[in-house]
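Novice: Protein chains in written order, with our numbering: chain V, 1 to 287; chain L, 1001 to 1175.
By construction, these hints were calculated from the structure, which means they are not laboratory data.
Hints are supplied without guarantee of correctness; some may be wrong.
The calculated lysine-lysine pairs, modelled on DSSO-like cross-linking and capped at a C-alpha distance of 30 Å, are [as the list claims (entries may be wrong)]:
# : chain 1 : residue 1 : chain 2 : residue 2
1 : V       : K256      : L       : K1007
2 : L       : K1138     : V       : K222
3 : V       : K81       : V       : K56
4 : V       : K68       : V       : K179
5 : L       : K1083     : V       : K151
6 : L       : K1007     : V       : K228
7 : V       : K151      : L       : K1123
8 : L       : K1007     : L       : K1123
Coverage of chain V stretches by chain L, computed from C-beta distances (three or more under 8 Å per stretch; other residues unrestricted) [to be verified]:
#  : region
9  : 75–83
10 : 150–159
11 : 162–168
12 : 198–207
Facing chain V, from chain L, some residues (calculated, C-beta under 10 Å) [claimed, not checked]:
#  : residue
13 : L1024
14 : A1027
15 : L1071
The beta-carbon is built from N, C-alpha and C at its ideal position, and this holds for glycine as well.
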Amino acid sequence: MNLQRIVVIGAGTMGSGIAQWFAQQMCYVELVDNSEAQLKKALTDIHASWDKLVEKEKLTSCQVIQMKKLLETKSLRKVSKDSDLVIEAIIENLEIKRSLFQELDQYFSSKTILASNTSSFPIGLIAEAVSVERKKRFIGLHFFNPATIMKLVEIIKATETEASLCDALYEWFDSKEKKPALSKDSPGFIVNRVARNFYGEPLRIAERDDEERMKEIDRVLKEVGGFKMGPFELMDLIGIDINYSVTCSVWEAYKKEPRFAPHKLQKQMVDEKRFGRKTNRGFYKYD
Amino acid sequence: MTNVKFKNLLINFGFGTKAEKIQLLKANPDKEIYMDLTCYDPGEFYFQYPQLKGSFAALFCDAEKKVEVHLRERSEDFFKKMKELGFRPVETSIISCGFIFPRTIVQIINEAHFALEEEVASKKDIDRAMKYGVNYPKGPFEWSKGRELYVLTLLQELFNKTQDKRYLSSRLILP
């Protein structure tokens, strides 16, 4: 497999990170968004990030000149129809995604691979919007934030995705210093499923809203377990509202299986609008 | 189980059944005892055995030998002895069945096994996903390798105490 022409749809944090990473692999990247302002901001931020990497001597100025040439912002109707791969990274709304993919299916060549970066919806459900033929070349590619730094990309195989396509993408990402992991199209894929207990169990150990206990749990998990961040400081950073919403969505998807049940403290925090760092109050207080 | 004896102090290492741990406590009523209770609830033991001065969770220790320790009262002597034995004690005041780290990690390990059971991904890819997607220092299968008995015992103990089905174990965790 040789991926050379990439289209990324959605110039938010994830989309622009994905676009930047592909350009760094010397792929030609077209970044698309409905908002001109968002596209402009994404391009400015990516260029600034590359300039910083030159200052830090992580990239050469020659490489960055080349990357800047390779990354363009466009409107959807102007991107190359014969692109190798299109990655959608827009808002997590199933209907909007499906309507977009219906349009993409019509627009792009039959050889183009269509991929979604969704973390919430089954790939098979989004793929219902495309033709039978395209379903074979429809896949989940779940990047982690920041996409230029986090090495993992979950490759999600829907029922009708060609196995050979998954294998080829796995090999391609592996060759580009990403760490691909192949996952079945099941709720939460791998990470958002297995990581739930990193939050759920410490919440049950803490039992109550007690900052000292949480601080101690965070400290022990970092010192003894070797985790870079403790669960409570991490939930405060991610946003307790977001973490709670992911927990509930995985729990619902697994038909309220007790292993995924949210803890009452999570709901309490959300009800009290204690979302973490962004509201200066979560499990901890921030100035 | 391995017992390391000092003058009036006994440190009990390793896995043992609850009955074996209790037997050791009963046989040594006059000693100051510190015991590995990774898979159990230290609070339950403290309540009945005053000779148990503290407990620790060393069964999931890695090469750094950092060990979670709970003491009923501060003991410099115990800390000194643990350090002499190559351990790096990390003290906690929270008494919890399975301590903090083992209790959290067995649940992550259990979920990874359920994912494997449902053929969501291979062992290698699950380990890889957790290390490179959320920066875990080890993958769940790397953590559980050779420690399956401890994982099962702690999950069983948590289930017995809480009757919460979240602690039921995957059938793929084999001792």
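Novice: If a hint holds in the structure, say so; if it does not, say that too.
Specialist: Verification of the supplied hints:
1. A hinted pair counts as satisfied when its Cα atoms are at most 30 Å apart, and K256(V) with K1007(L) does not qualify at roughly 54 Å.
2. Distance hint between K1138(L) and K222(V) is fulfilled; the C-alpha atoms sit about 13 Å from each other, no more than 30 Å.
3. Distance check on the hinted pair: K81(V) and K56(V) sit about 37 Å apart at the alpha-carbon level, beyond 30 Å; violated.
4. This hinted pair checks out: K68(V) and K179(V) have alpha carbons roughly 25 Å apart, not beyond 30 Å.
5. A threshold of 30 Å between alpha carbons decides the hint, and for K1083(L) with K151(V) the separation of about 37 Å lies outside it, so the pair is violated.
6. Taken as a hint, the K1007(L) and K228(V) pair is broken in the structure, with Cα atoms around 40 Å apart against an allowance of 30 Å.
7. With a CA separation close to 18 Å, the supplied pair K151(V) and K1123(L) stays within the 30 Å bound.
8. Between K1007(L) and K1123(L) the alpha-carbon distance is near 47 Å, which puts this suggested pair outside the 30 Å criterion.
9. Judged by the Cβ-Cβ criterion of 8 Å, the region 75–83 of chain V is not covered by chain L as claimed, because only 0 of its residues qualify and three are needed.
10. A count of 4 residues in the region 150–159 of chain V with a Cβ less than 8 Å from any Cβ of chain L is obtained; the coverage claim is therefore met, three being the minimum.
11. Against chain L, the region 162–168 of chain V contributes 0 residues with a C-beta closer than 8 Å to a partner C-beta. That does not satisfy the three-residue criterion, and the hint is violated.
12. Given as covered by chain L, the region 198–207 of chain V passes the check, having 5 residues with a CB less than 8 Å from a CB of that chain where 3 are the minimum.
13. Here the hint on L1024(L) is broken, as its CB sits about 25 Å from the closest CB of chain V, past 10 Å.
14. Restraint check, A1027(L) versus chain V: the minimum CB separation of about 30 Å is more than 10 Å; hint violated.
15. Restraint check, L1071(L) versus chain V: the minimum CB separation of about 14 Å is more than 10 Å; hint violated.
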